[in-house]
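> Residues per chain are reported as follows:
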Amino acid sequence: MSALQIQIPISFSAIAPEIILLATACVILVVGVFLAGERAHLLSAAVSVIALGAATAVSGIQFEDTARFAFDGTLRIDAFGQGGRMLIFTSGLLAVCVAFGMRDLRERGVEYHALLLSACAGMSLLAVSNSFVTTFVALELFSICLYVLVAIETDDLLSLEAGLKYLIVGSVGAAFLLYGGALVYAASGQLEFDRIAAALAHGNPHGVLLLAGVAFVLVGLGFKANAAPFHMWTPDAYEGAPTPVTTFMSAATKVAALVISLRVLVTAFPRQSDVWEIGLAGIIFACFIAGNLGALRQANVKRMLAYSTVAHSGFLLTAVAAHSALGGRALVYYLTIYAAMNVGAFAIVAIREHEIGRPVEVADFAGWGYSRPLLSIAMVVFMLSLAGFPPTGGFLGKLYIWSAAVANGQTYLAVGGAIATAVGLVYYLRVPFALFDRDAAVPAAISTPNFPLNAAVSLATALVVVGFGIIPSPLIDLARTASASLFG
Amino acid sequence: MTSALIFLPFAGALVVGLAPLPRRLTELLALLVTLAECALGAVALIGFDAGGGAQYVENREWISDFGLNTSVRYHVSMNGLSLFMVLLTAVGIAAAVGVAIRMGRERPRAYFALVLVLESALVLLFTAQDLVLFYVGWEIMMIPLYVLMGVWGGAGRRAATMQFVVYTLVGSLLMLVAIAYLGVTAGTFERQALIANPHEPTWLFFAFAAAFCIKAPLFPLHAWLPSAYRESSPEVAALLSGVVSKAGAYGLITFAVPLFPRTAHDWRWLLLGLALAGLLYGSLVAFRQPDARGVIAYSSLAQMNLIVIGIFAFNVNGVAGATFQMVNHGVVSLAAFLLIGIVEARTGTNLFASLGGLANGRPMFSTVFLIAALWALAVPGSSVFVSELYILIGAFQQEALLGAAAALGIVLAAMYMLRWYSALAHEDDGERVPAGMPDLRLGELAIAVPLILIMLALTAYPFGVMDRIT
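Chains U and C supply the protein sequences, listed in that same order.
Take 2 as the starting number for the first sequence in the working numbering and just add one per residue.
Take 785 as the starting number for the second sequence in the working numbering and just add one per residue.
It is possible that some hints are incorrect.
[What the hints assert, rightly or not] What follows is a set of in silico ranges between Cβ atoms, one per label pair, in the way DEER data are often shown: (1) Ile471(U) x Trp987(C): 27 to 33 Å; (2) Leu375(U) x Met1148(C): 44 to 50 Å; (3) Ile169(U) x Pro1045(C): 55 to 61 Å; (4) Ala939(C) x Ala176(U): 40 to 46 Å; (5) Gln976(C) x Asp275(U): 57 to 63 Å; (6) Asp195(U) x Leu802(C): 52 to 58 Å; (7) Gly837(C) x Ser474(U): 27 to 33 Å; (8) Trp987(C) x Ala199(U): 37 to 43 Å.
[Unchecked claim] Among chain U residues calculated to face chain C with C-beta under 10 Å, some are: (9) Phe64; (10) Thr67; (11) Gly389; (12) Ala406; (13) Val416; (14) Ile477.
None of these hints come from the bench; they were simulated from the model.
Note that the Cβ used here is the ideal one computed from N, Cα and C, for glycine as well.
When you get a sec, could you build the whole thing from the sequences and use the hints?
Shown next as structure tokens:
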């Protein structure tokens, strides 16, 4: 009888964004039954934009520098999580815009938007999750949505194959996480991160059961963060998925995975940091090597960018490995820039894909700079930022992350990152060289269609990337608040 | 004042790049901006107090709270060396724009906008007093160079650019890690504060030195140089050799050595040895080049290594000579590459085998070429002679044998420069020289004569520069 009397306090405000998103997803599904084709697509897109905008606003209002717990400690509502939420929702919003300009998803507009909103809700829950149970539930919620989204082009074999690969590998990752959580529970008797740390505050910090659990958790999160050597699904899934879905995945999944990684490691396992630092360092170097070597060989732009996200996991995890307030700031700053760069770059790839009607290779950009100068300059900005050139945010982000690494005595990670960046230049700069290739036959003037929404998304994100590179203080202030809410 | 010098070309770049003006107006506008920059530089020179240290200071917050109580500051100022590097930049860019107009570059809006961005970045890096700000200028400088080389270059531009990119960035990214390290450990990115309170793990010095020595370039880090100088358009090659390479030497003098004085001193023999090897190697290879650009490219390598010898001689004479030589060599190699550019525009080649006889009935041509050649070989009485003499004295003071070996480089310079001049100017007209090719035109003289006048001015009054630099 006593078990039934446990009262879990319900806090609607803590999960307001999830409620908004899931309720809207339900509405879209129901209304989708009565509407068809173009009108359903239009309506679901409009409703999704409103819902995502509202969810962003709600998270923004609750952007507080002190942490508050909800649902009996299973959620931790703090500025760090809210910042992650806002990034996820904004990426989702931009993905809606990218998809709206494209024809291919129009027939499945209802499913696309409902799944996208559910995925956002799952990621959002993950960003504020404070227990292994909610972590797993949130992870599965967004993962299942993404499996379907990747395979949403059911008449496209590549898309189906990508979805299947992602499903299998992703499930393995989730299993690792679940098993890791179970081992940690066995070692500590707790599921909530802060209580795990409290339970483990005394005694041997390096128990075998516990360390195995931490390792499994790292592996499980590594799969979601497409960190090497758990990245093998990334190029296929990114290539096969419809480009708007890739746009969303590349930005939002990474934000959610990195936010929870830092949160779980610093709040649940502070005393084990000496061990997981080494594990992370191994993963980081694997990311640099696998990501860069993979990207060097790619002709397909989406695959190249997919491998580039693997290499970038290395940079982002460097900030996690620093596990300091400075590292948290660096992570939030760079995640913002990172999301903007990837959304913008994939939005441009989507445009080019529609112009030529097949997967885009680097060579397909040859001479494009002369027919679409503005978009090409935006693409150059993204590539320069990915490669870490000033005055873009990508440069300051790297400086920030390396400062955090150095401050934590991990100069070797910064040096590894510098070498990885230099190698990365070779493939990033291929794109600008192709865009402004003087010898290339200028692609026939492309009058129709114009993709104004995609163009707007890529130009806006380019402005974000350059703007926060030149005037970084507003973003750094937000990042400081977010980081302080986690590190106190 | 400093900010005006930094942002005037940048504003010009925006206008030139975005305003849909016809070719003539774009060119005119770009030229006017560069001339205005020269005038602004001249005003700065006149107002400069020779013994006054850092002047035209502007210091405000850029990133107020970077973390760990560190801020990144927009701190720019000019000391004597900065001032003359800025002037060299202004003159070099103006001359390059002049040549580009003469050549009629394709897509002039993009071209001139990039050249102006380059100018802006160069001025920023020559005046920045905050390490992050310096790095920003240093890297932004590279972007227009890549594009100018990769888009407007010659047939082998793609490979040349890629090589240049990878070489220069490996160096500068390590420097960025070192900057992050300094910022975190010292709690400041300010140059003065870091000099006052040196932190010197050995690797930091090498991380900085690598970036600068690749750019200069120090032997044996010069593999990018021959193709970059050959495949770029002549005005870009002129800027690379005349101005951008000086950014490397400037970095050594202003950052690498003062930030890590003990490490630099401990390791000076490594750099001196490499520089000496580079001086002799570059001079010998220059003597064997089949083309006019090749000679100047390798002579530029040799001269930059001579400058490095002056810097690492670690005495007043060596450093004074090195800094003055930076100015001299900048002007001379600008002139040499731009003159080659004019020859290439007329004949379509710079191979000695197809050229010759430029002096036949073309007095202006031969005079201008001869002056450039004589200055490049440091004829006694010229400003280059003064600066090389100082470097040699510095080298002798450090180690007599070093001075003696370096002096050999001066002899070799006479050999390759006289061969250069002779192959271009003497004998009968080469096969690619059009029959009855006219002498230099007014537009071309307008580019060459100011550079020659600057060389003469430096010669007539070398202490006008040296007093301000040291």
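> Taking the hints in turn, state whether each one holds.
The hints, checked one at a time:
In this structure, Ile471(U) and Trp987(C) meet the distance hint of 27 to 33 Å, their C-beta atoms being roughly 31 Å apart. Restraint check, Leu375(U) to Met1148(C): a C-beta distance of roughly 45 Å satisfies the suggested window 44 to 50 Å. At about 59 Å, the CB distance of Ile169(U) to Pro1045(C) agrees with the hint of 55 to 61 Å. The beta-carbon spacing between Ala939(C) and Ala176(U), approximately 56 Å, falls outside the hinted interval of 40 to 46 Å.
The supplied range of 57 to 63 Å is broken by Gln976(C) and Asp275(U), whose beta-carbon atoms lie about 38 Å from each other. Checked against the hint of 52 to 58 Å, the pair Asp195(U) and Leu802(C) passes, with Cβ atoms roughly 54 Å apart. Checked against the given bound of 27 to 33 Å, the beta carbons of Gly837(C) and Ser474(U), roughly 30 Å apart, stay inside it. Separated by about 41 Å at the C-beta atoms, Trp987(C) and Ala199(U) satisfy the suggested range of 37 to 43 Å.
Hint status for Phe64(U): violated, given a least beta-carbon distance of 18 Å to chain C, over 10 Å. With a cut of 10 Å, the hint placing Thr67(U) at the interface with chain C is violated, because the nearest CB-to-CB distance is about 19 Å. Nearest Cβ of chain C to the Cβ of Gly389(U): about 7 Å, under the 10 Å cut. The hint holds. Hint status for Ala406(U): holds, given a least beta-carbon distance of 8 Å to chain C, under 10 Å.
The interface hint given for Val416(U) is met, as the beta carbon of that residue sits about 6 Å from the closest beta carbon of chain C, less than 10 Å. The criterion of a C-beta within 10 Å of any C-beta in chain C is met by Ile477(U), whose closest approach is roughly 6 Å, and the hint holds.
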